[in-house]
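Student: Chain residues, written in single-letter form:
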Amino acid sequence: MRVLLIEDDAILGAAVRDQIVAEGHPVDWVMRLDAARDHIGSAAYDLVLLDLMLPDGRGLGLLRELRARGDVTPVVILTAMDQLSDRIEGLNAGADDYLVKPFDLAELSARLNAVARRYAGNPNPLVRIGDLDIDLAARSILRAGRAVDLTAREWALFEAFVQRPGQILSKAQLEERLYSFGTEVESNTTEVHISRLRKKLGHGIIETVRGVGYRLGRPA
Amino acid sequence: MKAPRSLQWRISLWLGLGVALVWGIATVATAQRLGHEMDKVFDSALEETAQRLLPLAVLDILSREQGDASQRIVTLREHDEYFTYVVRDDRGGTLLRSHRADDSVFPAFSRMGFVDTPTHRIYFDAALQGTVTIAVAEPLAHRREVANEALRGLAWPLALLVPASLLLVWAIVRLSMGPIRNLRTAIETRGSGDLTPVPVAGLPSEIAPIADAVNHLLVGLDRALKAERSFTANSAHELRTPVAAALAQTQRLIAEMKDAASRERAQQIERALQRLSRLSEKLMQLARAEGGRLRGGETADIAGVAKMVVDEMVRKPGMTERIVLDVPKTPVAAGIDTDAFAIVLRNLLENGLKHGPPGSPVRIALSKDGVLTVSNDGPPVPPDLLSRLLQPFERGRTAAEGSGLGLAIVNAIAAGTGAKLVLTSPLTGKEYGFEAKFTAPPAAGEGRRDPSRP
Chain X
1 MRVLLIEDDA
11 ILGAAVRDQI
21 VAEGHPVDWV
31 MRLDAARDHI
41 GSAAYDLVLL
51 DLMLPDGRGL
61 GLLRELRARG
71 DVTPVVILTA
81 MDQLSDRIEG
91 LNAGADDYLV
101 KPFDLAELSA
111 RLNAVARRYA
121 GNPNPLVRIG
131 DLDIDLAARS
141 ILRAGRAVDL
151 TAREWALFEA
161 FVQRPGQILS
171 KAQLEERLYS
181 FGTEVESNTT
191 EVHISRLRKK
201 LGHGIIETVR
211 GVGYRLGRPA
Chain E
221 MKAPRSLQWR
231 ISLWLGLGVA
241 LVWGIATVAT
251 AQRLGHEMDK
261 VFDSALEETA
271 QRLLPLAVLD
281 ILSREQGDAS
291 QRIVTLREHD
301 EYFTYVVRDD
311 RGGTLLRSHR
321 ADDSVFPAFS
331 RMGFVDTPTH
341 RIYFDAALQG
351 TVTIAVAEPL
361 AHRREVANEA
371 LRGLAWPLAL
381 LVPASLLLVW
391 AIVRLSMGPI
401 RNLRTAIETR
411 GSGDLTPVPV
421 AGLPSEIAPI
431 ADAVNHLLVG
441 LDRALKAERS
451 FTANSAHELR
461 TPVAAALAQT
471 QRLIAEMKDA
481 ASRERAQQIE
491 RALQRLSRLS
501 EKLMQLARAE
511 GGRLRGGETA
521 DIAGVAKMVV
531 DEMVRKPGMT
541 ERIVLDVPKT
551 PVAAGIDTDA
561 FAIVLRNLLE
571 NGLKHGPPGS
581 PVRIALSKDG
591 VLTVSNDGPP
601 VPPDLLSRLL
611 QPFERGRTAA
621 EGSGLGLAIV
631 NAIAAGTGAK
641 LVLTSPLTGK
651 EYGFEAKFTA
661 PPAAGEGRRD
671 PSRP
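Protein chains in written order, with the numbering used here: chain X, 1 to 220; chain E, 221 to 674.
Treat the hints as calculated values from the structure; they're not laboratory data.
Any given hint could turn out to be false.
Taking lysine to any residue pairs in the SDA-like style, the calculated list, with each CA pair at most 25 Å apart, reads [what the hints assert, rightly or not]:
1) LYS536(E) to ALA144(X)
2) LYS536(E) to GLU89(X)
3) LYS527(E) to VAL100(X)
4) LYS527(E) to SER140(X)
5) LYS478(E) to GLU186(X)
6) LYS446(E) to THR208(X)
7) LYS446(E) to VAL100(X)
8) LYS446(E) to ASP86(X)
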């Protein structure tokens, strides 16, 4: 899940970015609205984290722009305004959720994942595939009743497949979801992660569609 | 009589009484002057009659045969006689008299000129060295009747004129008071949050300075409220971001730390920051509640606000089972600011959750007429403590963590918006529990009527 973070406070922004990166999602972090517009125009984001008060304008303006041109990318607002009326205004402008500063990072992660799941069409965090019991909210997997540990990267990759059952994801798409701008991507990294997932969850969990990409299969 | 309080009635009453008094005095004076003048006219007529009759009577007597005493003048035509007269000789014998003349009316001749008897005014004159005298009498009753008639003639239009002038005075005063009444209405009917200037155009010069002063005050008040508003909004924003940054960095630090002892220390920083953030939020709410920001003629759907606040709250873990919400499906309009009501409910709800036994329910009910009750099953609160709970930083006998500001904030909002807050503990018919009942002010337009006005 590739995230665009728009936050002008350097200390808060860094902590939020590190939190999301630690969960395995790539983050592009900008501090101004104009930079945010450039990024949105040049990459496909799965989620935008938007601060409302930015040096070059109000975040709600950007949100309204996005919605006006039919962009449905999920947007979660970070706001220092504590009044209910401000939040109502944000939701009316097309935000998917909001967090009032100061917030717990754990709550931030939970909200982001909940919004992402809602967009994938299945708000229920509990998914069962074959002998796998997956809790997307708690980030836990039981394979035949035994817990399986995944690294943050592996999770992010696996989540992308779970949220799009049946859909073929190309290597380029996966890389875009896994890495932010300016990250050196080694050519076989994605293949390495996929082979580890197969090892931990069962060989059939990710099928290779030759020449096109990968899709979710059944563990075997 | 109690003096009327209305300026209009006071002016009308005194002006009217004054006019009536002046009219009365003028009438009495005129009547007196008129009576005096009429007496003069009547006297002159009496005198004239005597002087004209006497030579005629003398001629008549001298040419007449002897022995035919006391001749009565023959009436030519029957008529009323106001004047009667007798002509007498020097021995008192009557030589001539008018046909209605009554001898007893006329006293004996004493001198020339006017003589008053109890019933008549009489004029005496004499001729031929006093051997022939004439007395002409006019009944006083006649004079009185004429005078009364004149007085009636004066008084009659007065009876109409005085009420008419009173009415006129009242109408003019009322008309002149128009601008003052309009000013009063303009000030009286505005909502408590309406700080637009009152109209000054057309006000009389005595009142215009008052309106100007009111407008001056309103402008000052508006400026002060706006400054306060932007200060609380800005300081909230300015304070939240650094606290958020410190908290987020601390939580990252905790996540990345391996050493258990250091982690424990970092977690203490985290808890302190969380407490700081809660306290600063409460202080900000209290500043808002005690300031003028929440006053205003706004109308909000408090049922919608209640759902939203509860929705926010249940997203925190473990809350879904504890909050029992009973809110009408249809909007409930109340004359309170959206954020003010949200702060009220959030504080009551937080208190209910904090002080109820773990896992016990907190019930929120909102009636269609804007009465919000929040109750829990916590331990009973003694009555003396119950009243003190509304003071800032006053906390019940509780181990629960809190700033002690929640109820003070709700109380300040209630006072500022004209709402009512009643605390009850224990719950009616129970031995435990605590209930806060917040009666929101009615929406503008369907507001209570001011009982001091008809």
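Student: Work down the list of hints and note, for each, if the structure agrees.
Tutor: Checked hints:
Between LYS536(E) and ALA144(X) the alpha-carbon distance is near 31 Å, which puts this suggested pair outside the 25 Å criterion. Between LYS536(E) and GLU89(X), the direct Cα distance comes to roughly 22 Å. Compliance with the 25 Å bound is thereby established for this hinted pair. For the hint pairing LYS527(E) with VAL100(X), the CA-to-CA distance comes to about 18 Å; that is within 25 Å, so the pair holds. Of the supplied pair hints, the one linking LYS527(E) and SER140(X) is violated, its CA atoms being roughly 32 Å apart against a limit of 25 Å.
Annotation: proposed proximity of LYS478(E) to GLU186(X) is violated, straight-line Cα distance about 29 Å (limit 25 Å). Proposed proximity of LYS446(E) and THR208(X) is contradicted: the alpha carbons are some 64 Å apart, above 25 Å. About 24 Å separates the Cα atoms of LYS446(E) and VAL100(X), which keeps this hinted pair within 25 Å; it holds. The straight-line distance between the Cα atoms of LYS446(E) and ASP86(X) is roughly 17 Å, inside the 25 Å bound, and the hint therefore holds.
The structure fails hints 1, 4, 5, 6 (numbered hints given earlier, in ascending order).
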